[in-house]
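Novice: The residues making up each chain are set out below.
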Amino acid sequence: MPELNYVSAVNAALHRAMDEFPEAIAFGEDFAIPGGVFTASKGLRDRFGERVFDTPISEAAILGGAIGAAVRGRRPIVEIMWVDFFLVALDQIVNQAANVRYVSQGELTAPLTVRTQQGVLAGSCAQHSQSLEAIFAHVPGLIVGLPATPQDAYDMLLSAIAADDPAVVIEHRSLYFGPRAPVSVDGPIEPVGGARVRRAGEDVTLVTWGAMLGAAVSAAEQLADEGVSVELIDARWLAPFDTATVTASVEKTGRLVIAHEANVSGGFGAEVAARIANEALWSLEAPIVRVGLPDSRIPAAPVLQRALVPGAEQIAAALRETVAVPA
Amino acid sequence: MPELNYVSAVNAALHRAMDEFPEAIAFGEDFAIPGGVFTASKGLRDRFGERVFDTPISEAAILGGAIGAAVRGRRPIVEIMWVDFFLVALDQIVNQAANVRYVSQGELTAPLTVRTQQGVLAGSCAQHSQSLEAIFAHVPGLIVGLPATPQDAYDMLLSAIAADDPAVVIEHRSLYFGPRAPVSVDGPIEPVGGARVRRAGEDVTLVTWGAMLGAAVSAAEQLADEGVSVELIDARWLAPFDTATVTASVEKTGRLVIAHEANVSGGFGAEVAARIANEALWSLEAPIVRVGLPDSRIPAAPVLQRALVPGAEQIAAALRETVAVPA
Amino acid sequence: MTPTTTTTPAAAPAGPAGAALAGQFAAMLRIRRFEERIEKMRHAGEVIGSVHLCIGQEAIPVGARAALEERDALFSTYRGHGWALACGVPAEALFGELLGKRTGVNGGRGGSAYFSAPSYGFYGENSIVGGGAPIAAGAALAARYDGSGAIALTAFGEGAMNQGSVHEALNFAAAFDLGVIFVIENNRYSELTPTKDMVRDDELWKRAAAYGIPGVRVDGNDPLAVRDAVAEAAARARAGEGPTVVETMTERLVGHYIGDGEAYRQEGEVAAAREREPLVVARAALLDGGMSADSLEELVTSVEAEIDAAAAAALAAEPADTTTVREHLHA
Amino acid sequence: MTPTTTTTPAAAPAGPAGAALAGQFAAMLRIRRFEERIEKMRHAGEVIGSVHLCIGQEAIPVGARAALEERDALFSTYRGHGWALACGVPAEALFGELLGKRTGVNGGRGGSAYFSAPSYGFYGENSIVGGGAPIAAGAALAARYDGSGAIALTAFGEGAMNQGSVHEALNFAAAFDLGVIFVIENNRYSELTPTKDMVRDDELWKRAAAYGIPGVRVDGNDPLAVRDAVAEAAARARAGEGPTVVETMTERLVGHYIGDGEAYRQEGEVAAAREREPLVVARAALLDGGMSADSLEELVTSVEAEIDAAAAAALAAEPADTTTVREHLHA
Ligand SMILES: Cc1ncc(C[n+]2csc(CCOP(=O)(O)OP(=O)(O)O)c2C)c(N)n1
Ligand SMILES: Cc1ncc(C[n+]2csc(CCOP(=O)(O)OP(=O)(O)O)c2C)c(N)n1
Ligand SMILES: [Mg+2]
Ligand SMILES: [Mg+2]
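Protein chains in written order, with full-length UniProt numbering: chain A, 1 to 327; chain B, 1 to 327; chain C, 1 to 331; chain D, 1 to 331.
Extracted from the complex, chain A is given alone in its bound form:
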């Protein structure tokens, strides 16, 4: 098993996808010859030639181009460099791609994958810092995933590409150059969907996804030191969302904390809370607590960002608050 960091795992998945799917094509801004501003697409152009190309700074053309190519038999893999930039062309994924299969009763399909990345990194400005997964997860017809580990960066991207529907895979800049880990690169491509219990526990369920997984692991470890056993679930996919795994866990622990980097209000954490408040209300022994960016715009100065963006500390505090509620 090769040892890969997150971005190399993305790169390996792209290479494999181009290799295994002859109908795959791949494009985006600075994607081909430069190999991507984060090196995610390095080497693809050399290896796959014209199937990989750079585009103008035209997100509507990139996404629309992917849709048109997809309905005509290609399997496009495109990059929107930052999730914030998606907003100049959201029409193409929401009004166009998501409707293709449904409206045509399956006569047309749009098997395309959009890779993007999001979140706060020290010094990133308000227009390059948002976490917008909730917007995509509110659009029926889309597949939405947020890989948190090198293995998932590899596996989930391949699952998304192999799926015959439009998929948005949201990476996080802060993960790209994280530690290397052994990544299994020759397993079968799994279908999309399915959460992972990253740590089994008994006292409280912690649901998270994407870059917040690292902070969640630290928080769970802190709580373990304090004698609290946290069941940590990495949701991985928001659409389809694996409600069953969360429900089963809450039925066991009776307590639920949800953590994400996105703003709290209207974040997908609300959806998780709402499902549990419907499906597992009687199991709850404490109020459901959400941890996320407080409803604010995002400042650039790192010191200000640290005062806003939640991390292990905030999650640990939420877990403590939750387990402190008497049963």
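Mixed in with the good hints there might be a few duds.
Among the chain C residues that face chain A by a calculated CB cut under 7 Å, a handful are [to be verified]:
{"hint": "1", "residue": "N106"}
{"hint": "2", "residue": "G138"}
{"hint": "3", "residue": "A139"}
{"hint": "4", "residue": "L141"}
{"hint": "5", "residue": "E168"}
{"hint": "6", "residue": "A239"}
Mimicking DSBU-like on lysine-lysine, the simulated pairs with C-alpha atoms at most 35 Å apart in a straight line are [claimed, not checked]:
{"hint": "7", "chain 1": "B", "residue 1": "K42", "chain 2": "C", "residue 2": "K40"}
{"hint": "8", "chain 1": "C", "residue 1": "K206", "chain 2": "D", "residue 2": "K206"}
{"hint": "9", "chain 1": "A", "residue 1": "K42", "chain 2": "D", "residue 2": "K40"}
{"hint": "10", "chain 1": "D", "residue 1": "K196", "chain 2": "C", "residue 2": "K196"}
{"hint": "11", "chain 1": "D", "residue 1": "K206", "chain 2": "C", "residue 2": "K196"}
{"hint": "12", "chain 1": "A", "residue 1": "K42", "chain 2": "D", "residue 2": "K196"}
{"hint": "13", "chain 1": "C", "residue 1": "K196", "chain 2": "C", "residue 2": "K206"}
{"hint": "14", "chain 1": "B", "residue 1": "K252", "chain 2": "A", "residue 2": "K252"}
{"hint": "15", "chain 1": "D", "residue 1": "K206", "chain 2": "D", "residue 2": "K196"}
{"hint": "16", "chain 1": "C", "residue 1": "K196", "chain 2": "B", "residue 2": "K252"}
{"hint": "17", "chain 1": "C", "residue 1": "K206", "chain 2": "D", "residue 2": "K196"}
To list a few chain D residues with every Cβ distance to chain B over 12 Å, as calculated [to be verified]:
{"hint": "18", "residue": "M41"}
{"hint": "19", "residue": "E69"}
{"hint": "20", "residue": "A73"}
{"hint": "21", "residue": "E125"}
{"hint": "22", "residue": "A137"}
{"hint": "23", "residue": "R144"}
{"hint": "24", "residue": "D146"}
{"hint": "25", "residue": "I258"}
{"hint": "26", "residue": "E269"}
{"hint": "27", "residue": "A271"}
{"hint": "28", "residue": "A285"}
{"hint": "29", "residue": "E306"}
{"hint": "30", "residue": "D321"}
{"hint": "31", "residue": "R326"}
{"hint": "32", "residue": "E327"}
Hints listed in this document are in silico derivations from the structure and should not be mistaken for laboratory results.
Ideal Cβ placement from N, Cα and C applies to all residues, glycine included.
Place chains B, C and D with the ligands on chain A using the hints.
Specialist: Using the frame of chain A, we list chains B, C and D with the ligands on its own:
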């Protein structure tokens, strides 16, 4: 008090705003000379001349134009004809308008209002039918309101216009030509925010907004006939959201149903559920139930739409299910 | 692929141009009668929702489609019934779609403004102004890789030229020599607003130069002129020489949508337009060219019979299937 | 408003052009030294996050701002430090912003790529490519109503010309004769990609014709040429004659952002560019024009002293205030 239908109330509010705010300007597609495709802006051009004008089919220019005019002292009121069309230019409201005040520490402000309308109307196609309020309500810095009555169409629009921050007021086509009602048109302009208890009740809380209010009223009436007393809350504003009114009601009734036309998953109903599952969990005597469009794209044929779009019947069923849970 | 019509002109004027014109007259008439019937159905409450008719603009789809091949992919706007018919989509399946019938091309899911029929090369309407342009560029991109030799055509109104997505599609296609034809259906109005007031220079074909590609303006009421311009663009596209802008000048004889009060019209505007509309012009040319009034009448009757039959069959069909309404969201 | 600088050239070459050039040299140098210091601060970890320097492009903001007035509104991209300095924003407040200090123009909220300083007419950077163009058109729109006689200027890279919002802004401004100047800073690259490969015709000024407005291409390394072109556009804008496209040809001497490996450069490309960059050219012209080497040195020294002092003051300032981080979300 004049008797106005919903769209005439919008029109009256626009006239008053142009009158009272000399810095107000108003524009949009087919907005000025034609008076709006739904007559909402009728007569403005004649009365206010060049302060009211038609634009090219350029949503980014409309929204960006509003922002630029706003930071330079105007109070623009613009129309995005359908909420679906917002998606070609969402950047301007999310990445641009919402950041103006925060990033500049209040040195710049963007007192602009975007009127739009949404939802399913018999025969409307998938690209003209979505309910997207949850997207806007997930964007800190925006004011988001959905008036449900002629009085609110008037009052809330004026509140939004008077507010010194970017506001999105989402109307619903199905309400425009509804029944006339007496509308008080000379009251003071209220600040934004605040839910309304449309019907006091004891047994179950029903929270809704926008066009779903009509169905909610019918459902509440049905339930009243069945001996169940429904407290019906029209949220009116999603940002700022009046959590206190909902919490107080649930503390009284112990039961909560939330109804909206938007897709269930990731809809703003999730946010309401999540807040209650945090703030009023111990008051809950039944699982929180959400009623909304099942997660689907939207077909055009009315018979298919009726099979998907929830109405009084679905709400009544949810209320019954909720009150049937033994205390 | 020639425009599909069940009616083969009985006695067209002599020569290939005469035969072509007779065929195109029939194809245009078929669209006209279809649209007129839809208008009736809308007023009768059989068709429900917003409907955008292409009455007066029929020469564009008919002429353009005549210059394409079966393998090509076509993308239109919400004003797309004529484009679908020109592609050969059976009138009955189209009536069915607008009537919300199970037999509709999309089983009633698309409706008047957002249906597709890809087996006829009709990749669909689009109800977002400009939304189809980049998608058509993508279809042309696909042809790069599949060896099909196919090209794509996208039609949109002149008002759409002010939409960002159209600009991006034009540049994208130009930069990469994509085989896509951008047909502007210039009917002078963006809904209820004269487009000339929304641009400085209303010769929109000239914008092609901004992208370094050829642009041309033709009489959009003359199917042969449209056909020839599109044929030239198609040859270029198929030769790998990239996109072309074809601006076709026409007039919409009816409202933007059914129910439009048309307050924006000048006095006498529509009456004047009715004198130069494609069916009037083609009919005169056919008679001038020697086609007998009887043959023409026969042609008309046969088209009308076809449309009548299609409408009747569609009206009699089962309504859309509500039991499967949740299907096909995902693979 | 002339470019603000605390240094008044001691002994500039004779004549108004000579004096102007000396002033502009000083203004450009001030930007250069600012950027160089920022680069050091970034490498030292004092400035954190993505930074886009305008080294090599200084003649554009300096020349353009010289043609505007204090009442005008200016909008730039993330590559905006030079624009802000040209508007007169004090270097200290700008250093402070990039260093995340309380004294920064936005108290550290904007950062390198998204700050504003409206009291200096600098309505802000924009980190969304093309995002500022419609906003600038809106600022020009405001001037319609307020009797200020103000105009607006928006600068963006040549790559932004392929973004839909820029197209919409150009047409919107053209259709309504808005007083806005669209300055293309053409440094030939869209980040890491040569823009010539992303368009068919890389003479982007020609796209102005698509909107029926004047377009011009000038040497973007010559502040006086930029000033003159912008002055002409400004006169037109102020006279109610609408927008102009001014394409300024330049070269970025450094990476797209600090840390860019610049693998896309041709052999010798940057070295050649360094021979014709604005400071080199202006310095030679000043010496040619009779300015003494000593006077020039004095000028340089005084600019450097100003930048040193500003940097030192900014470094010594208090960090951004975390206690107010939730403030100013709403009125
Ligand atoms: C992005 C977007 N904005 C606005 C609309 C509303 N709208 C529908 S048709 C239309 C006018 C289009 O004019 P034109 O492009 O000339 O086409 P025509 O209808 O004349 O064929 C408008 C503004 C839309 N559907 N999509
Ligand atoms: C809408 C959008 N797409 C992509 C980006 C990423 N991006 C930032 S700068 C840039 C290149 C811009 O090139 P150009 O317009 O020539 O300006 P330059 O950086 O050369 O000054 C890109 C693609 C962005 N910020 N916004
Ligand atoms: Mg038109
Ligand atoms: Mg550039």
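Novice: Do the alpha carbons of K42 (chain A) and K40 (chain D) lie within 35 Å of each other, as the hint requires?
Specialist: holds (29 Å)
Novice: Taking the closest pair, is the beta carbon of E125 (chain D) still more than 12 Å from chain B?
Specialist: violated (10 Å)
Novice: Does the structure keep K42 (chain B) and K40 (chain C) at a Cα separation of 35 Å or less?
Specialist: holds (29 Å)
Novice: Mind checking the CB of E168 (chain C) against every CB in chain A and telling me if the closest is under 7 Å?
Specialist: E168 (chain C) check passes; min Cβ-Cβ to chain A is 4 Å, inside 7 Å.
Novice: Is the Cβ of D146 (chain D) more than 12 Å away from each Cβ in chain B?
Specialist: violated (6 Å)
Novice: Verify the proposed pairing of K206 (chain D) with K196 (chain D), using a straight-line Cα cut of 35 Å.
Specialist: holds (14 Å)
Novice: Is K206 (chain C) close enough to K206 (chain D), meaning Cα to Cα at most 35 Å?
Specialist: Holds: K206 (chain C) and K206 (chain D) sit about 12 Å apart, inside 35 Å.
Novice: Over 12 Å to the closest beta carbon of chain B is the bar; see if R144 (chain D) clears it.
Specialist: At roughly 7 Å from the nearest Cβ of chain B, R144 (chain D) sits no farther out than 12 Å, so the non-interface label is violated.
Novice: Decide, holds or violated, for the assertion that all CB atoms of chain B are farther than 12 Å from the CB of E69 (chain D).
Specialist: holds (14 Å)
Novice: K196 (chain C) and K252 (chain B): Cα distance at most 35 Å?
Specialist: Violated, at roughly 61 Å.
Novice: Hey, K196 (chain C) versus K206 (chain C), does the alpha-carbon distance stay inside 35 Å?
Specialist: Since the Cα atoms of K196 (chain C) and K206 (chain C) sit roughly 14 Å apart, the hinted pair holds (cutoff 35 Å).
Novice: Can the hint on A239 (chain C) be confirmed by a CB-to-CB distance to chain A that is less than 7 Å?
Specialist: Nearest chain A Cβ about 18 Å off; hint violated.
Going through the hint list in order, the structure does not satisfy hints 6, 16, 20, 21, 22, 23, 24, 30, 31, 32.
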